[in-house]
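Go ahead and model the full structure; you've got the sequences and the hints to work with.
From first to last, the protein sequence lines are chains A and B.
Residue 187 in the working numbering is what sits at position 186 of the first sequence, and the numbering runs on without skipping anything.
Residue 243 in the working numbering is what sits at position 242 of the second sequence, and the numbering runs on without skipping anything.
Hints are computed from structural coordinates only; laboratory data are not their basis.
All values derive from a computational prediction rather than experimental measurement.
Be a bit skeptical, because a hint or two may be false.
One copy or two, it doesn't matter: identical chains are merged, so the pair holds either way.
Derived SDA-like pairs (lysine to any residue); straight-line CA-CA distance at most 25 angstroms [stated by the list, open to error]:
(1) Lys155 - Phe144
(2) Lys107 - Thr73
(3) Lys107 - Leu218
(4) Lys112 - Tyr133
(5) Lys53 - Met86
(6) Lys107 - Asp194
(7) Lys107 - Ile72
(8) Lys166 - Leu54
(9) Lys107 - Leu68
There are 2 protein chains.
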Amino acid sequence: MTIPLLNLFLLFSFFALSFSHETPNPQNNHHNHHAFPRPLIIEYSELEEELKLRCTSWRFAGEANNLSPWITVPKECAEHVKEYMTGKGYIYDLEIVSKEAGEFAKSIQLKDDGLDAWIFDIDETLLSNLPYYSAHGYGFEVFDHEKFDAWVEKGVALAIEPSLKLYEDVLNLGYKVILLTGRKESHRAVTVDNLINAGFRDWHQLILRSSDDKGKLAVIYKSEKRSEMEKEGYRILGNSGDQWSDLLGSSISVRSFKLPNPMYYIA
Amino acid sequence: MTIPLLNLFLLFSFFALSFSHETPNPQNNHHNHHAFPRPLIIEYSELEEELKLRCTSWRFAGEANNLSPWITVPKECAEHVKEYMTGKGYIYDLEIVSKEAGEFAKSIQLKDDGLDAWIFDIDETLLSNLPYYSAHGYGFEVFDHEKFDAWVEKGVALAIEPSLKLYEDVLNLGYKVILLTGRKESHRAVTVDNLINAGFRDWHQLILRSSDDKGKLAVIYKSEKRSEMEKEGYRILGNSGDQWSDLLGSSISVRSFKLPNPMYYIA
Chain A
2 MTIPLLNLFL LFSFFALSFS HETPNPQNNH HNHHAFPRPL IIEYSELEEE
52 LKLRCTSWRF AGEANNLSPW ITVPKECAEH VKEYMTGKGY IYDLEIVSKE
102 AGEFAKSIQL KDDGLDAWIF DIDETLLSNL PYYSAHGYGF EVFDHEKFDA
152 WVEKGVALAI EPSLKLYEDV LNLGYKVILL TGRKESHRAV TVDNLINAGF
202 RDWHQLILRS SDDKGKLAVI YKSEKRSEME KEGYRILGNS GDQWSDLLGS
252 SISVRSFKLP NPMYYIA
Chain B
2 MTIPLLNLFL LFSFFALSFS HETPNPQNNH HNHHAFPRPL IIEYSELEEE
52 LKLRCTSWRF AGEANNLSPW ITVPKECAEH VKEYMTGKGY IYDLEIVSKE
102 AGEFAKSIQL KDDGLDAWIF DIDETLLSNL PYYSAHGYGF EVFDHEKFDA
152 WVEKGVALAI EPSLKLYEDV LNLGYKVILL TGRKESHRAV TVDNLINAGF
202 RDWHQLILRS SDDKGKLAVI YKSEKRSEME KEGYRILGNS GDQWSDLLGS
252 SISVRSFKLP NPMYYIA
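Structure representation (structure tokens):
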């Protein structure tokens with residue numbers, strides 16, 4: 002990773018405001034202090050490390066649901082998020098969530114009535130839109146509904162492999178799989194085709210946003226749909242989603258599994 | 002960080018089982034493949050990077066509440082957790098949670114009735130027991146109640162500075178601060194002294210486990226206490242804790258803030 006000078010500036014302007022002991026101080030400035038005795042390359046690598054840690058903290062805070070709603074990845078973390086999303090970190094994070102979910106799924110003695118359910122979100126949970134986001138700054142650009150819809154309509158999103166493995170395990174254990182997505186009803190056909198082409202099969206139900214659900218916060222829409230499932234008798238044991246709004250609200254599952262996603266936030 | 006040979010073994014034995022494509026394969030083994038053309042030092046650094054990423058994933062999974070209850074830090078992540086807890090990563094994670102919580106606290110227009118409340122857990126939220134855990138493997142040793150009690154009775158736990166800042170901000174904004182801890186009633190006096198010596202002041206209530214609460218899961222005990230607060234008329238706006246059992250259950254706060262803690266898990 003290279004850090005252009007702009008980023009040095011952004012690093013300080015972004016973090017200095019929040020943490021007073023990080024504020025540059027001409028009397029005792031870390032950067033000035035080392036300017037002569039140490040080579041510039043060391044300064045860069047220290048700042049790179051600093052930026053990496055701060056952006057990792059930002060990602061952690063998101064995964065722990067500590068952040069207020071956010072519109073885009075912070076400018077100074079755009080490169081970090083890109084590296085994370087295209088590197089091993091994202092894959093390993095997906096793998097451990099899939100593994101933990103699978104172990105929980107196996108640990109439950111299901112009833113014979115076929116009413117034990119596992120809910121999956123679709124985007125960034127079963128299907129990856131990375132080809133789209135790679136062309137749009139990995140969350141650094143403001144989300145564009147029209148462009149994203151055009152991408153969805155291509156029906157070429159990729160399977161998230163660790164999720165596909167969990168999906169198969171959950172199906173084979175006898176759970177009823179319910180897909181609950183923020184995608185619109187008008188995208189049903191392309192979504193079904195995309196899911197099947199990516200290797201997903203035999204879901205019990207695919208719930209998309211109807212015209213009645215338009216404008217509802219995701220957390221409300223999804224809670225309502227889970228409440229309907231419970232009224233139909235389903236026991237919601239597991240729920241996998243990349244947004245906290247997939248998992249929180251009411252009628253929440255016994256265990257929920259938060260997949261990583263530092264690219265966008267849905268309330 | 003140095004990785005002794007034992008860790009190489011542990012790395013493979015720990016992760017290989019879960020992720021089949023990571024299983025060593027004599028025909029196509031990454032390590033064997035590079036044994037001649039590349040120096041050993043590169044192998045070590047690749048494995049170090051691998052271990053770091055896997056252990057970061059384990060920490061992330063914990064912070065996102067994806068892990069099943071665990072007893073100790075996984076052996077292969079003991080060094081990683083120690084480095085995290087004693088390095089900048091932990092501090093930055095604490096700082097961003099404090100900052101986000103403070104922004105939320107400020108964003109609320111409090112009522113005049115003095116019933117807007119903010120709950121803080123104590124251990125690893127307001128007070129740090131790092132001197133104790135540094136002598137006990139940073140979560141690598143099985144938790145020892147007697148030894149930990151002896152440490153608590155010294156009353157020398159340290160303030161977590163970013164939490165102290167949030168605490169002051171929340172107090173000054175006019176919230177009623179309620180401390181809700183898993184510590185026992187018999188530790189009230191030493192806890193009060195420790196908190197005051199660490200700079201905490203003017204809490205409205207300090208709730209410790211009474212004999213009635215003995216043996217209750219933390220998530221139950223804390224939910225019951227929050228429910229009592231609500232019955233007394235309090236509106237629980239914020240809740241800061243390092244365990245998900247501080248934050249989940251019933252009578253949950255409007256926003257909750259999960260402080261990092263990869264050293265221990267309380268159900």
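Against the structure, the hints:
no., hint, in the structure
1, Lys155 - Phe144, "within (18 angstroms within a copy, 53 angstroms between copies)"
2, Lys107 - Thr73, "between (37 angstroms within a copy, 22 angstroms between copies)"
3, Lys107 - Leu218, "between (32 angstroms within a copy, 24 angstroms between copies)"
4, Lys112 - Tyr133, "neither (41 angstroms within a copy, 46 angstroms between copies)"
5, Lys53 - Met86, "both (14 angstroms within a copy, 17 angstroms between copies)"
6, Lys107 - Asp194, "neither (29 angstroms within a copy, 47 angstroms between copies)"
7, Lys107 - Ile72, "between (37 angstroms within a copy, 20 angstroms between copies)"
8, Lys166 - Leu54, "between (31 angstroms within a copy, 21 angstroms between copies)"
9, Lys107 - Leu68, "between (32 angstroms within a copy, 14 angstroms between copies)"
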